[in-house]
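*Asks:* Working from the sequences, and respecting the hints, build out all of it.
Here's the letter readout for the chains.
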Amino acid sequence: MKIQQISVFLENKTGRLADVTRLIASAGVNIRAISIADTADFGILRLIVDKPAEAAEALTKGGFTTRMTDVLAIEIPDQPGSLAKVMEIFKETGVNIEYLYASLEKDCSTAVVIFKVEDIEHSTKIVEEHGLATIDCF
Amino acid sequence: MAKRFWDEAAETMARPELEALQLERLREAVGQALKTSFYKPRLEGIGISSPGDVRSLADLARIPFTTKDDLRRAFPYGMLAADRRDVVRMHASSGTTGIPTVIYLTAGDVARWTGFLARSLNATGADSNDVFQNMMTYGLFTGGLGMHYGAEKVGMMVIPVGPGNASRQLKLMKDFGTTTVHATPSYLLHLHSKLAEEGIDPRDLELKRAFCGAEPYSEDTRRKIEALYGIEVFNSYGLSEMNGPGVAFECERRDGMHLWEDGYILEIVDRDSLEGVKDGAMGEIVLTILCREAMPILRYRTRDLSSVYPGECPCGRTHRRIARIMGRTDDMLIINGINVFPSQIEEVIMAMPEVGNNYLILVEKDGALDRLTVKVEIGPLAFADDSRPLNALRDRIRDRLQASISINPRVELHEPGMLPVSEGKAKRVVDERTRI
Chain A
1 MKIQQISVFL ENKTGRLADV TRLIASAGVN IRAISIADTA DFGILRLIVD
51 KPAEAAEALT KGGFTTRMTD VLAIEIPDQP GSLAKVMEIF KETGVNIEYL
101 YASLEKDCST AVVIFKVEDI EHSTKIVEEH GLATIDCF
Chain B
1001 MAKRFWDEAA ETMARPELEA LQLERLREAV GQALKTSFYK PRLEGIGISS
1051 PGDVRSLADL ARIPFTTKDD LRRAFPYGML AADRRDVVRM HASSGTTGIP
1101 TVIYLTAGDV ARWTGFLARS LNATGADSND VFQNMMTYGL FTGGLGMHYG
1151 AEKVGMMVIP VGPGNASRQL KLMKDFGTTT VHATPSYLLH LHSKLAEEGI
1201 DPRDLELKRA FCGAEPYSED TRRKIEALYG IEVFNSYGLS EMNGPGVAFE
1251 CERRDGMHLW EDGYILEIVD RDSLEGVKDG AMGEIVLTIL CREAMPILRY
1301 RTRDLSSVYP GECPCGRTHR RIARIMGRTD DMLIINGINV FPSQIEEVIM
1351 AMPEVGNNYL ILVEKDGALD RLTVKVEIGP LAFADDSRPL NALRDRIRDR
1401 LQASISINPR VELHEPGMLP VSEGKAKRVV DERTRI
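So the sequences go chain by chain: A and B. If you read the first sequence in the working numbering, its first letter stands for residue 1, the second for the next number, and so on. If you read the second sequence in the working numbering, its first letter stands for residue 1001, the second for the next number, and so on.
These are computed hints drawn from the structure, not numbers from a lab. No residue lacks a Cβ here, since even glycine has one placed at the ideal position from N, Cα and C. Check each hint, because a few of them may be wrong.
Pair by pair, the computed Cβ-Cβ distance ranges are [stated by the list, open to error]: (1) ASN1408/B <-> GLU121/A: 34 to 44 Å; (2) THR93/A <-> MET1352/B: 34 to 44 Å; (3) SER109/A <-> GLN1402/B: 15 to 25 Å; (4) GLU1432/B <-> LYS13/A: 17 to 27 Å.
*Replies:* Okay, here's the thing in structure tokens:
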């Protein structure tokens, strides 16, 4: 199962991240996973939220450049070797990962890892075939 | 030893004689202009259909100004007064619209231009004892070749190195005992900062003097360069439309540039009313070139701001002096000696659908050199959750700008709405270099 991720273009300027979180908060949206990739000149903020459409609308109205992307959110047991097992499957089946980050879930038994993959359809199939637990919303 | 004067009769000619010579040469220039498709209707329209119709120098004021746009409109041969087969050289400068402004020279024109430069360089004390390293751009730009010819004429040994590559410049200066250089002030400051890196003590150099032009700079900067190297810096003024360097040059007094009035008629006009201003008042320099057979230009609006020095120079030359160039009437930026119009940058940006219409041009000092930053806004189309296409976009903008303006700028991507909007009088250019 796929999940929608919101990407936000951020220029290097003090307070821009605060603007994003304020807009999301006032839309009553909860952030479940967050990651920021930065280059010398700009950053890309990536968010998994409980209400993606509302969050995207609030951000666009607030003047941000956003983009929705499909990613995989895989639930894995919170114990040694779990991520290694997923990575092994991806390696064997040729799933190419562009980036990944972990969610903010603080459940004691599982962790959620967000994967941006090159071929989302192929990857979804692999994930299903191998019985990995995915979530499509938080 | 350099002679006191290169051409004493011409350089010290009494004003009435000089003005009589100007009138005679103005008639010749008008005669040439009447041979061109650009000037013929213009001059006939004001009742000048033969050189004899110019009765006095005061008649010059009846002739309309010529602008850079006129030069572009006359591209390529609309102002050519000579048979193309008599033309031995052309030079060109890039422009805002992609149409270059071109000038043509016959062999006689090259010789006369060289003569004005020889006169200029001799007045700084340069002669055959000197080794001259020309750090200006050769090629279509007039600064390199023009000065090269003048330097050879006074007998200097010329090192035609061209610009850039500080380490090679310094090595040449050391190996050949360079005494004289021609460079932009920014470049000389930059070069000085490289001396230590190259392990060269400025006292090991034999440098005596520098000719500086191509960009406005302050008297403080001149003093600074003089102190850093222990040399004399002479201001040089020229523009390709008027041949190039050698229009006006400082003599050994280094107090104002003698504008060679047997070669040019100088007017300084108010930048708004375009009426002549009195000596000492700042205005736009307007020049009529007198001794160019291939391409006459009458009353050219240079867009350079300066003023005439009142009074005579103690050096004995009777040609009036102009003050250092104080700026430009238009928005042209001079970045490391290269002319850049904001519209050239705008043209590149507007041609790219991935970026918005708002942009900001920032010019700053980075050490001794100028640094250009172009800030653009990315549109929603350009953003796709990945930094690679954004980096590629930034590189593509930079490459296109480099191709257009010959300067490698820094390109910054911004969010929409973060730069000034395009309506009204948005401030698109921020020049943070010290104002003169």
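*Asks:* Would you say the C-beta atoms of GLU1432/B and LYS13/A sit inside 17 to 27 Å of each other?
*Replies:* 18 Å, holds
*Asks:* Taking the CB of THR93/A and the CB of MET1352/B, does the distance hold inside 34 to 44 Å?
*Replies:* 39 Å, holds
*Asks:* Given the range 15 to 25 Å, decide if the beta-carbon distance of SER109/A to GLN1402/B lies inside it.
*Replies:* The hinted range 15 to 25 Å is violated for SER109/A and GLN1402/B, with Cβ atoms some 56 Å apart.
*Asks:* The hint says 34 to 44 Å between ASN1408/B and GLU121/A; measuring C-beta to C-beta, is that right?
*Replies:* 42 Å, holds
Hint violations for this structure: number 3 only, all remaining hints satisfied.
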